[in-house]
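Trainee: Residue-level listing of the chains:
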Amino acid sequence: MRIEDFLEKREAFQVAILKKLILEGGRVSYEKLRKDLNITKASLANYLEDITIYLEEYQGDCQVDSDGVFVELFLTPHFSIMTVYINYVKRSLKYQLIDYIFNYQEFTVIEISNDLSISESSLFRKIKELNSLLKEFNIKIKNGRIYGEELQIRYFYFQVFWFLTTYEEYQEVLLTNQNQSLINGFEKELDIKLNDLSRRRISLWFMISKKRASVSKKAYKNIVQKMIPYKEDYLNKQVRKLILLYFSRYSIEVEEEESMIHFIFLTTQSVLSEKAFIEYDLVRSRRTPTALVDTLLRETILLYYLPTKPSIALERKLTFYLSQINGTLYFFEGALELKDSQEFMAKESKTWGENLQALSEQLLKTALETINESNSSRSSLEKLTLVEYSTVLSIVDFTISKELIIGIDLDLMEMHAEILTQTLMLNLKNVIGITVEKYREHHTYDLVITTNLSSRFYTRATETYIVSEQFSKFDLNQIKTRINELKI
Amino acid sequence: MTEKKYIMSIDQGTTSSRAIIYDKNGRNVGNSQKEFTQFFPNDGWVEHSANEIWNSVQSVIAGAFIESGIRPNEIAGIGITNQRETTVVWDKKTGLPIYNAIVWQSRQSSPIADQLKEEGYADFFHKKTGLIIDAYFSATKVRWILDHVEGAQERAEKGELLFGTIDTWLVWKLTDGGSHVTDYSNASRTMMFNIHDLEWDQEILDLMNIPKIMLPKPCSNSEVYGMTRSFHFYGAEVPISGMAGDQQAALFGQMAFEPGMVKNTYGTGSFIVMNTGETPTLSKNNLLTTIGYGINGKVYYAIEGSVFVTGSAIQWLRDGLEIIKNAGETEKIAMESTSDDELFVVPAFTGLGAPYWDSKARGAIFGITRGTTRADFVKATLQSIAYQVRDVIDTMKEDTGIDIPLLKVDGGAAHNDYLLQFQADILNSSVQRPRDLETTALGAAFLAGLAVGFWKDLDELKEFYEAGEAFEPSMPAEKREELYSGWKQAVAATQAFKHTSK
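Which chain is which? The protein sequence lines are A and B, in order. This note's numbering puts the first sequence at residues 703 to 1190. This note's numbering puts the second sequence at residues -14 to 487.
The set of hints was computed from the structure by calculation and includes no laboratory data. Every residue gets a Cβ at the ideal spot worked out from N, C-alpha and C, and that includes glycine. Heads up, a few of these hints could be off.
Residues from chain B shown here face chain A by an in silico Cβ test under 8 Å; the list is partial [unchecked claim]:
1) His217
2) Thr266
3) Tyr450
Below, in silico cross-link-like pairs of lysine-lysine (DSS-like), each with a Cα-Cα straight-line distance of 30 Å or less [unchecked claim]:
4) B:Lys202 with A:Lys928
5) A:Lys939 with B:Lys143
6) B:Lys77 with A:Lys939
7) B:Lys202 with A:Lys933
8) A:Lys933 with B:Lys310
9) B:Lys143 with A:Lys977
10) B:Lys143 with A:Lys933
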């Protein structure tokens, strides 16, 4: 699900307009905006009017202006657009419902209708809409409480709250003395060092966990099953010891499964540092599906880049990132997408090239097969995983691919050569790991893009690509493919 | 349709781990290699993380499967070959090593070895183990760990700790603690194994105060030691059915099954191993007596000599003198030399090994004239490798009384035709280079395949084995002996020079 899914249709369009403006660099034509969002001129005008009113509370820090031809966004340097998004979500009824259930655990229809000032029929409608969103997380609201696997419930709340909690709120509300001392205890007992981001994440997780600890009848069926191979894992045993000790101090009776939940959180949700993970990786149980899939995917990637061998440091980084992604894929269902994964893939694929996209797909296939998950209909989590694999591959690609030097040598009338050169440079601008310049004699190039058929012999070029005077999209695709091949 | 089967060889070396998958014809159909971290905590100390080694092995197994497209359940058996003597002690319950693996090169246990020598135990150890007391072997390394890790001795005595060389460690991990075993070839490098009785020697263990309970069960080199647990072998339970230390595996991979057959691996140094048959021969010249392999109820002994400087002499030309760009070009450069082989390089950078055993000797060059060229230097350095090998081979002949008509070679420098021709000339023996120079991994694969019936017997191996190229001696006898006599003079002169700066 996307964070905008909490919003009503009208607010969702308003956020979409703001996002579009951000993506387009702050200014977009009225007509393009209308077409991209597939709305009528009148609707767009209405939404813009709503936005203007909505943004008044920010007193000029954020405003949207329109002259009927262009729409423009203004942000003061110290203001983050995230504040606006967050407030949109927090004011939505669906979010308030979710938040209410978190805080009160159980409710009656009358209580919640009164507290949120909505009619019972609206309440039922909203719960129905929410349940449709929660379906991918395999949780649902029913009979005045939230149902589902405990791990999934906490994971869902963690995702939502992490997005919606500002740094200031963390400092004030979450980094309590009690949480700080617990985190310090974690660091000491597990012999790890947590950075500021990890401390904030773990604080939020503890806050959610403490709230949920008192709920009766929690469901653990899936987690118990999935954790069987982790029984002898070194870190799992350490966490178990620590959690039981911690809760006994506060006289809270916890089930065995409580420690499993924390182990999963610790190893999948960007809490452990790379250094801590690599130390754990040396002793972690190899019988676990995640250890298995981490190794398989890493070796697949390394094989792809042969004969180039990444440094040990890069290999470790790769292992670290893959472990987070694969752990999430194995233990969890559903994902809260902060970016539209398809849009992201479509945009990024221009710089990645088809090879990396295909490799990402291969990695996902291998991962799903290894952890026995089917991918007949791709879930949000799988889509997100695909994006994350691609991101990891980009990091590797960027780090180990050699920088290609590309020369453009067009034997055309000066004016035509100039414009075609500029067009080529512009189109290759976003391709990672290349330097594009006008061809200079006596310089060495990995690739020369030229219009010369055989009139010249490029002794200092590895490859040449002959482009037609009517430079086409086909040419561009061919050039990008060749660049990708040369980079490996 | 019958499913195609393969053998996987795991070659766990000093700087990297490799996995190679072989088909029925002994052809490499997929492989993967991974380097791991070397730790140097103090001068002369070399350690590895045993867990990192294990992880690297897991990775290369996966890599070989991915590269070849072969599935784990298509593997009929696994062979392991390993860096020898490197010592791991771990907690039996948790599987966690209590200290880093102490690598064979590491000198941290030298004081223990020195004390044993001072106390006059040299002969005692030599007779029982065939070895010369040295920190190189596992016994002093185990003692060092038990001395330096708090509570280790007590825990070892209670049976809470296990010892193993890398073969043992890998089988223990692959079987998830199911098998604690080693093979004769690795056991014979521990300085605790009685090579005559094929058992751990209680007198040695008592002397070293090493509890027997922590030692692995010694087994032959070709039998099923245990099955991989499926979670450690990507879903399949496969028999681990062959094991041998790297040099002995190379001997087997070179098909040196008959007494008198010798192999030489030209690596950083050279390891020359000769099959001496079913009776151990104790050297009078400080060569090591060891177990080559045990198979089908029989044990074949070997005698081993090493040359300290081989590939490292070529590295010296490249990195020290900077007169070559890479090792590959030495062959061409040496052939360009027009000198009469009167230049002698004695690369005793760290002393002289067998048969001289002079640790204080240092390198020297003799016969330089105004006309000496870079090509002469390169040629003389390659020749020095061959001379040193002859030194060892001659010693082997003297110790065993067995003639050596053929030397089987492998390792990096075995690519050098000039070296191999000169080696044949100076030995007056044939020198044979196999088609596949990865004889170590191949040997482990052979041992594993024979145990599970993948290959019926040694004859079947001989059927598909490609002997490769042979270099026949073509140098007149007079010239050969003149040159070798020049080398001997050069060595003697080198040994005479013992200048130490004040």
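Trainee: Would you mind marking each hint as holding or not holding in the structure?
Mentor: Against the structure, the hints come out as follows:
1. With 8 Å as the threshold, the beta carbon of histidine 217 (chain B) comes within range of chain A, its nearest partner Cβ sitting at about 6 Å, so the hint holds.
2. With a least beta-carbon distance of about 43 Å to chain A, the hint placing threonine 266 (chain B) at the interface is violated under the 8 Å criterion.
3. The criterion of a C-beta within 8 Å of any C-beta in chain A is not met by tyrosine 450 (chain B), whose closest approach is roughly 29 Å, and the hint is violated.
4. Restraint check: the Cα-Cα separation between lysine 202 (chain B) and lysine 928 (chain A) comes to about 36 Å, which exceeds 30 Å; the hinted pair is violated.
5. Using a Cα cut-off of 30 Å, the hinted pair lysine 939 (chain A) and lysine 143 (chain B) holds, with the two alpha carbons roughly 24 Å apart.
6. For the given pair, lysine 77 (chain B) sits about 17 Å from lysine 939 (chain A) by alpha-carbon distance, which is consistent with the 30 Å threshold.
7. For a cut-off of 30 Å, the pair hint linking lysine 202 (chain B) to lysine 933 (chain A) stands: about 29 Å separates their Cα positions.
8. Proximity of lysine 933 (chain A) to lysine 310 (chain B) is assessed by CA-CA distance (about 54 Å); at most 30 Å being required, the pair is judged violated.
9. Our distance criterion of 30 Å between C-alpha atoms is broken by lysine 143 (chain B) and lysine 977 (chain A), whose separation comes to about 35 Å.
10. Distance check on the hinted pair: lysine 143 (chain B) and lysine 933 (chain A) sit about 26 Å apart at the alpha-carbon level, within 30 Å; holds.
Checked against the numbered hints listed earlier, the structure breaks hints 2, 3, 4, 8, 9; every other hint is satisfied.
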